[in-house]
Structure formats: structure tokens, C-alpha cells
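So the protein lines, in turn, are chains A and B.
Residue numbering for the first sequence follows this note's numbering, starting at 7 and increasing by one per position.
Residue numbering for the second sequence follows this note's numbering, starting at 7 and increasing by one per position.
A hint or two may mislead.
Since copy identity is lost for identical chains, a pair holds within one copy or between any two.
[Unchecked claim] No farther apart than 30 Å at their CA atoms in a straight line, the calculated lysine-lysine pairs in the DSS-like style are these: (1) Lys349 / Lys296; (2) Lys564 / Lys540; (3) Lys72 / Lys346; (4) Lys143 / Lys296; (5) Lys455 / Lys179; (6) Lys278 / Lys112; (7) Lys251 / Lys346; (8) Lys435 / Lys570; (9) Lys143 / Lys233; (10) Lys26 / Lys320; (11) Lys435 / Lys190; (12) Lys296 / Lys146; (13) Lys455 / Lys358; (14) Lys536 / Lys51; (15) Lys116 / Lys233; (16) Lys506 / Lys455; (17) Lys190 / Lys142; (18) Lys112 / Lys233; (19) Lys143 / Lys116; (20) Lys540 / Lys233; (21) Lys112 / Lys156.
Keep in mind the hints are simulated off the structure, nothing from the lab.
There are 2 protein chains.
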Amino acid sequence: MKHSELTVPQRLQALRDEMKAQGLDAYIIPTSDPHMSEYPASCWKYRKWISGFTGSAGTVVVTADKAGLWTDSRYFLQAETQLADTGIDLYRLMLPETPSITDFLKTELKSGDTVGYNALTYSILDAEALAADMSKKGIKTDGSKAILDKVWGDRPSIPEGKAFEMPLKYAGKSTPEKVEEIRKMIANADAEYTVLSALDEVAWTFNLRGSDVTYNPVAVGYSLIGKDCVILFMDDAKLPDDLRKRLESDGVEIRRYDALAETLKSLPENSKFLLDVAHTNAGIAESLPKGAEIIPGISPANTLKSIKNETELKGFKSAVLKDGIAMTKYFKWLEEAMAKGEKVTELSGAGKLRSYRAEQPLFLDESFAPISSYGPHGAVVHYTPTPETDVELHPDSLYLIDSGGQYLDGTTDITRTIALLPEPTEQMKSDFTAALRGTIGIAMARFPKGIRGCLLDAYARHALWDAGINYLHGTCHGIGHCLNVHEGPQSIRMEENPVKIETGMVMSDEPAMYRAGEYGIRTENMIVVKDDIKTQFGEFLAFDTITLCYIDTRLVDKSQMTPKEIAWLNDYQENVYASLAPHLSEEESAWLRNKTLPI
Amino acid sequence: MKHSELTVPQRLQALRDEMKAQGLDAYIIPTSDPHMSEYPASCWKYRKWISGFTGSAGTVVVTADKAGLWTDSRYFLQAETQLADTGIDLYRLMLPETPSITDFLKTELKSGDTVGYNALTYSILDAEALAADMSKKGIKTDGSKAILDKVWGDRPSIPEGKAFEMPLKYAGKSTPEKVEEIRKMIANADAEYTVLSALDEVAWTFNLRGSDVTYNPVAVGYSLIGKDCVILFMDDAKLPDDLRKRLESDGVEIRRYDALAETLKSLPENSKFLLDVAHTNAGIAESLPKGAEIIPGISPANTLKSIKNETELKGFKSAVLKDGIAMTKYFKWLEEAMAKGEKVTELSGAGKLRSYRAEQPLFLDESFAPISSYGPHGAVVHYTPTPETDVELHPDSLYLIDSGGQYLDGTTDITRTIALLPEPTEQMKSDFTAALRGTIGIAMARFPKGIRGCLLDAYARHALWDAGINYLHGTCHGIGHCLNVHEGPQSIRMEENPVKIETGMVMSDEPAMYRAGEYGIRTENMIVVKDDIKTQFGEFLAFDTITLCYIDTRLVDKSQMTPKEIAWLNDYQENVYASLAPHLSEEESAWLRNKTLPI
């Protein structure tokens, strides 16, 4: 019998047998890969394999006689269904009666017991926190037992996709230049080495892209950078000759993917490592040489990558133009298809949009699974249509589509909400306008250089809060350059994040409102941080909105907006028209003219 | 020769002799007392004694051959003057060339050396950070050497002011009730004891007030609270019989002030202490019994104290009414005195205001040294007039007065900026309006329950940032109830503070702008957090502005304000008039009517 044919109870039994053999009293299986990726490759979907639960977030804990899955409210229903009869109990996060995983372990285990986990799937910080909490009851932790690799017999291999060159004409900065900047930051942190473990940092630093992870054009690898070394840990099969030669001529030494641990161990004793302890796996910490000191900090490549150079910014402007053309064609097609009574579903619509994007030059893929959502589905924050959930669009409600493209010259992320019904209700208009005023509030912001993003979050929420509305996700995330559509280290959101907003950062701007059971509304643009005025009170920064797609002004209640907001909106619409029209047919252009008239 | 007559170099020499005798290679003297008070009593002004520097912030470090004072930009000029010829170098904080104190120590000392300090003047957190940083170079730290107590021969004794009863009719909650609430929070934190070391927490918990500290009606003491004990460490001489009897009948055990350490040492081994490590002195940590565990957290009394009960809130409303009467009388007097050409100075004006406050029932004292500042002095953020700096008010600029009163039923804090010149300039109006819109922005805020204060800070700065202006201090601080005018744990400011804003908190609302060399502008009101609407998106909170004093609308540029802001201002002015008029003479009332007409 193939392992993949085992039932979940059989998998649990196999795990328990191995736990017993290895002297472990509990085992934790989080949703994480060695690179702390948003989308782990199949070989690292341990939690899905052990539990059958397919949600994007959740942690399984197994003891000799109990098993539980901890997940958040997005997945309560799905987890209930998928865990039925598996022997795994559902622990609903954030409910008052739900114990934390560590409280559960402290209740189930006794002093002297051992909790195992795979250090490659745990961040250094989380592993330390787990150990500290467990030690309060005399329970030991052991990250060295990757026993699922043994139990999961037909586990897929590590992705073998080909990497390819990110040409300098799009990257704007060579690998040697990037390595020099990283080295400066290592030295500034009083360290000697850093390990790049995030796949997008590896891709950015070495000007390569890959196809190992859905939606993220990255290749599986690590890197070690020190004063005298630049090592890329990436398997031979991934590297085409041209790319390998260019890397070697850039002074990059290439070693096998699995050679990282031995390389780290061979470094001089007492070396100092600048590591992002929240985003570096604990296995790396355990492989450091004797006496090594970890200096915690943001990974230099992460910071450098977030601040786009002129070439990258030029690429983004090209990418949003292409995206704007595709979005315009799609909305025109959609309007006409619906007018003709053709059947359009969430999925078929998203497919059509993909085809318009795919017509654009340098298109690689979508940057995430499109959130194409009709009516009540729009209110499900992380909804993505599947064949099971797919519904037809009708002229009775709102349609929200959040999508993006990966182009070799830039990554895009855009959301528009349009009225499919001829006469939007007053509530729809009021809701749409409050959320849009948030998008505009961020877009028009001027703020002192050096502040953290959370200080600007209220600009996005002001009109919504005034109306007694709130949304619980972030407002702005970083966007990679032909890389992950969600990147750090900066953000604008309610949660604290000490990273400063800096000139050259590219982010989303996506305030929203979700009326459960009715509809969701979000107008998301991409923004670029730019230098603004300098006064006796210091330097100020501002944002450029670069996304080019009309906003459905039939949903706008002008009376709720300030004159400045109205002016911004009219300017925006005019700019959308002026920028896109030269790239559209006469008919498309006339259609867009009508959509972009001033309010 | 009395010690107080020693010159600073002689004091330094005495300290160095003692350092040598005790085997210390450096000694740190911060500005702090064992209670981490904003205003240390004379006996704890070690840093002032050793250096002669009288600013409110600064740290002296002495080695065998060097001595330095680290202070911030407010005090650069003053420190330069006061340190001249003392042998103490000035280290200007925040300048790029200035080493941190620990970097200085790591440069001056060698491995094996010892840095001494008085643990009573260091927080647990700071002491730990110092030890961790010093250990990187093998330097030891020793907080057990309070050698300045020896060197400073005629050091004043610990304050002996009398404590007095805070009547239940103003406190609203009895000591046993407060102790029960504290015990619940200790248990919730999984701890067994807490130590109250902040003097305002002691005063609040035991419903007593004192006169040991300027402006803060507190009495020097500590408290230890556990499941089975409530001990107040306060010297006999402080406690009048009535108060002592009431405390004893409330189940409070009273011990000598200096009995805290021995009491802590006598507690059961392995006890768990909930301690605010940032605000509890390291001497307390060193006195804990063997195996004691410190559970870091906000002191329960600090949290409870910040959320005012109905009786306290009623008292605040009475206090702001009295304050409003005094402010109105003062501004009328000032206007008339200046019209008559009488000489009024910053100090004499502040004195007059004090006299009006003193006429009010239950007045105890001012709540801080009034910032009575004319023209350019208004732009010096922490300016307080002294006989040396005092200037006459002229009808040529703006006058800013920030002041407050301690009344038995509440503490006040108010700032108004008025035009002394007949025709304010456009720049003055524009600046005043931008800052006032910040005050109104906070006043009108509606926000989700559970958010941190920093998320609201942009409401205070929006109009200022739009104008390229910023101020670097906080926007809102907590205000004690007949206690410290600055209290925590909450705040609204740019810096991160994890404390949530909760219903019942009383705070200042004081956005500002400072035009160096010209004037400063600040409109500061007191606000109370209240429950607002509840929607499908959750509970929302809002603020009530309770301060009652007219705003000088001659400085307002209506064209820069939104209709909502104008309505708020007109409503506010009308409410000021309606609330104060019944308590004013006919003449005063007519004068105020004129000041509060709608714009």
C-alpha cells in the first residue's frame, strides 16, 4: 500500500509508533517550510498530509492518545468537515475556551516528557518560545527529530523547477552590488555572516527567478554571505548553464542545497550571525559553529529588496500599465457578456481576466489565486473560488475581484469592486464610499520620514470607523519586483511593526469593508513611497498611486466626500483614461472614457 | 566643611576615592529615585548633587579619569554652562558622534572591570540590559554599592511629609475593593505577589495622599500585596492616627518604609512576583526570596488606577469646572491689565492664575510648574519661566499657558494659546488652526474597542503633517485623580505602547506646533474615554472633552476647517459659556459670551 493511500488514522498511528520509538511524548506539525514561505511546496505540506486538512493555516499536535488541529475562524467549517472521523480534534483559535498549544501540552504531558518537532519547520524565535514555555513544567523539547520524513514514505521530492536569469535591465542592480550592500549591513550590525533563507531574498540577491512555488517565481535555495564568501546553496539541476556561468563570474560559489548545515558547522568558532530569528528556521541556528552568536535583526536582503531601485520602479510602471489594459478589457467584456445574458461565473471570469493578462508582454503567471467573488462571497475575506464554491454572476449585487500578475518587469496586485446591479443601494454606496475614502486617505497622505506604518493606518480607517465599520486585515503590504506579491518587512496595519516606511517602497493600499452575507468592498491600488517636501520640521514623504484602472463611480456618494477627496478621484480617473487610452482600441477607449468621467 | 559646600570636582574626587575603596572602575548615577518618580525628592537627587546640573533628565558616568553627563537637546545649553570647569564632559544625546553610555563604558573599561550603580535608582529592565551589554566585553556590574549615600555626607533625609485621607466620597472605591481587584489581576497573571513601588499606585490603592513630592500629592512608601497579605511600608511619622486606624480596619498591615527588603526576603522560596520590570527598581528584584520568579507585566494598580470610576469622573468634571472659572478670570484680568499698560510677566501671570485656582474649593496645589510662555519662549517645548528667564508680555505675539491644579476631587491639565497682538498674522492663524484641528481630530474620534493609542495619533497630526509640520512629544497622556498629572500606562503618541485605550480613562489631548524663535501653539483639553456605538463590526469607543475654557477664535482660519470641525468648535464654545456663566459675575459672563461666539 502506498503511503498516500493511508487513512489519516493510519498516518497518525505510524507517527505515534515512530514517536514511541524515538522517545517523544508529543509531536508538533506546523504549517511551515524551511524557508518560512507563504506557499510551501508539496514536499513540505506535512500538516496537510498528517491531518487531511487543506486550509492555509493550522498546527497539528499529536500525543500518545490525543491529536488536535489549531486553526483560525476562516477555517472552522472546513476543518470540522475534513477532520470528521480522523481522531483529530478541532481547537478553534481565539475562542475563550480554546487552550493554547503550549497550555494543552502542559496539561497532557508531565515533567520529564519530551515534545518533538522538525526544527526546519520552526522559526528560531518560536522554537525558543516553545522551549521556554515547556521548561516551566520541566518538559523538554527536541527539534532534531524530522520523523515525518520517515513516516511519510512517498513524500514528494524537493521541487526541481528550473531557475532562470532576471536580466539586469529589469533588476537594475547586479549581484555583486547587492552582495556589497548586504555586507555593509552585516558589518553595521556588528556581525560577520548572514544566512538568506527566504526564497525571495535568494532570488532577489542573485538576480534569478524560478518556478518551484505556485505564484511566487522563486527557486528553492539558501545563501550564506560573509566578508569573504558568497555561497548559493541550490541544486545543480536547477541552474541552466548561462545562469550558472553568470553567477560564477559574479563571484558566487555554488553548493548543493543540502550542504548548508555542514557549511555552517565548518565556519570559525564564535562567529557572529545576523539572523532574522522570526523568519529563519531553527535548524539553521542548530547548525551554527561552536560559540556562535546570533545577532537578531531583519535580514539585510529583505530590507534592501523592499526599497526598489529606479529600474525596478520603471518596471512596476510598465507592469501596472499592462495590468490596467487587461483589467479594462476584462470589465468591458464582462459588462457586455452580462448584458447579453451570457453565463459568467466567478471562475470563468477569473479565467478570462487571466487570458487578457497573458496577452501582455513579459507575462509569467498570476501573482496569486484571483479572489473573484460575487455578492456574499465578497464578504469572505480570504475567499478564492473553487469548482465547489463557484457561482454565476447576476445583475443583483456587487462583484469584487482581487488579482495580480507576475511580469518579468514587475508584480501587480489590484482589487476593484463594481456594481453588477443597475442601481446600487444607498447602503452599498455609503459602504463603498467609506472604504474608498480610506484608499484615498492613504494615497493623499504626507508624513514625516522615519515613521512606522501603523501610524498611517488610521488614515485608511477614518471614514470607516466614523461609520462604525472596521476590517481586520492589514491595509498595505510590500510587493516584490517579479517576486512575492506579499513581502516585508514594512507594512501599514494595526499591529505594531517597527520597520520604517522608506522612499522607494512599493505597497498595496487596500482598505475594505465586508458586510457578512451581503457583499465585500475593496478598492486596492499600488502605491510607491516618494520624497515630498522638506521643512524646518524635517523631511516628509508621500505616496504615488501607480495602479491604472477606473473606479466604479456609480458606487460613490459624492456628498460624503471632502472636496480634496473628490479632486483626487477625478484626477485619478482622468489619469487612468489618459494613460490607458493610447493602448486601447477606439471602442475600448470610448468605453473607458465613459467610466472615467468626473463626478 | 559641609558636604553641600564641596565643589563638583571635590565631590567627584570623594566619589572616586570611594569607588577605588570598593573596587569599582566606573559608577553610573541616573536621574531616578527608588519609586521611578517623575519628580524625585531632594534626598534622591544624586545626579544633581554630583554634577551641579539641574535639568530634569541626565545620567552621569564617572570612571577613574573621566566623567560625563549624557542629556538631551532640551538641556544642551544649560548643561554646557553648569558643567563648565567641573571636569564633567557633556555628551549630547541623539547626535551621531555621541557614544551611548554602554559604548563609552566598553571603550573606557577592560574585561574584568566592574561598573557600579545604586540598584534602587535603576529599573530591573535597565539593570538587566546594562549587565547584558557589559558582559559582552567581560565587564561586571554591581548594583549593591549605594556609595553616594556615604560620599554625600549631608544628604537630606527621606521626605517626612504627612499623609492624609482621600475620602471615599471622592475616591469612589474602598481600599479592600481595590486590593481585591489587584489580587484578581495577580492571580490572572499566574503570580502570587506584587510590589507597588510607584508612589501614585500606593496612594491610589490605600486612598491616601501626601506632600512628599512637588506637584504630586503622594507619600513615600511601598506596598506588598499577596493572597494573604496587604502590607503598606510607610513610616509611622507620616500616618495620622485617623488614617492609620482606617487602614488597619481595612486589613492593611503597616511596616516601616525600610522594611520592604527584609519582608521580601522572608517570603516563601520560589514565590512568583508580578512586577513591572520597567518601573520597579532593581533593588526589589535583588531582595526577592530564593528561587523567586518574576512575571513581567504592568502593575495591576497602574492599570486599575487609569480607569476612573464614576465618582472619580464626577470629581474630574467638578475640577475642570473650577479650572475653567479660574482660567476665565485669569484671561479677563490679563486682557484688562495689558489694555491698561500694566506690567505682566510670564511669572507674575502664572502667579495670578494660581491665585484664581486657589480660590476654588478643594484646591491643594498646582499639578505642575506652569508653562507660562510669551512669544519665542512658547516654542521651547519644556519651558518653565524662572526669575532668570522671565519676560514681560507685550501686545506683539502669542501667549501660551499650560497649567493645572490639584483638587481633592480631581487633577487638571489645560493649555491655551491666545493672541496678545490685535491682528494675528496669517501664519499664526494657519499654524493655530492646523494644531487645533489635531485637538478636534482626537476629540471627535470614534474607534474600535481594543486598539492601542498610537493608532489614533495620526488624527492629531493629520492637518499638521499636511502643512509640513510635526511635533515630537506625545499627544495624550493619562491624568491621575488628585494624583500625578502624567500617568500611565496608556498613551496616544507615535511611540509603540501595547496598552489598549479603555472606557473610563482620562487623558490630555494636546497636539501642538512650535515655530522656533517665534512662538509655540497648543490647545490642550482633557478627554474621557466613553462607550460609543456597537455595530456588527464590534464595539466602538469615543472621547468626551471635559475641559471648560474658551478657545481664542481670533486665531482660527475657518476656511481651513471642515464643516464638522467648525460645528465641533462652535458647540464647544457654546458649552464652555453655558457651563461657566452661572459661576461667573455678570461682567465676567458678558466678557466670556463675547469670547465664545460662533465662528
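Cross-check of the supplied hints:
1. Lys349 / Lys296: neither (65 Å within a copy, 76 Å between copies)
2. Lys564 / Lys540: between (33 Å within a copy, 26 Å between copies)
3. Lys72 / Lys346: Close neither inside one copy (56 Å) nor across copies (87 Å); limit 30 Å.
4. Lys143 / Lys296: The answer is both: 28 Å in one copy and 19 Å across copies each meet 30 Å.
5. Lys455 / Lys179: within (25 Å within a copy, 46 Å between copies)
6. Lys278 / Lys112: Answer is between: at 18 Å across copies they meet the 30 Å cutoff, but 34 Å inside does not.
7. Lys251 / Lys346: Intra 56 Å, inter 89 Å, cutoff 30 Å: neither.
8. Lys435 / Lys570: both (19 Å within a copy, 21 Å between copies)
9. Lys143 / Lys233: Classified as between: cross-chain Cα gap 23 Å, same-chain 43 Å, threshold 30 Å.
10. Lys26 / Lys320: For lysine 26 and lysine 320, neither the intra-copy (58 Å) nor the inter-copy (65 Å) Cα distance is at most 30 Å.
11. Lys435 / Lys190: This pair counts as neither: shortest intra-copy Cα distance 51 Å, inter-copy 48 Å.
12. Lys296 / Lys146: Answer is both; intra-copy 22 Å and inter-copy 24 Å each pass.
13. Lys455 / Lys358: Intra 42 Å, inter 42 Å, cutoff 30 Å: neither.
14. Lys536 / Lys51: neither (40 Å within a copy, 47 Å between copies)
15. Lys116 / Lys233: between (47 Å within a copy, 27 Å between copies)
16. Lys506 / Lys455: So lysine 506 and lysine 455 pass the 30 Å test inside a copy (8 Å) and across (26 Å) alike.
17. Lys190 / Lys142: For lysine 190 and lysine 142, the Cα distance is within 30 Å only across copies (22 Å; inside one copy 40 Å).
18. Lys112 / Lys233: between (44 Å within a copy, 25 Å between copies)
19. Lys143 / Lys116: Result: close within a single copy only, 7 Å intra versus 40 Å inter.
20. Lys540 / Lys233: neither (37 Å within a copy, 58 Å between copies)
21. Lys112 / Lys156: Within one copy, since 27 Å is at most 30 Å while 50 Å is not.
Hint compliance for this structure: hints 1, 3, 7, 10, 11, 13, 14 and 20 are broken, all remaining hints hold.
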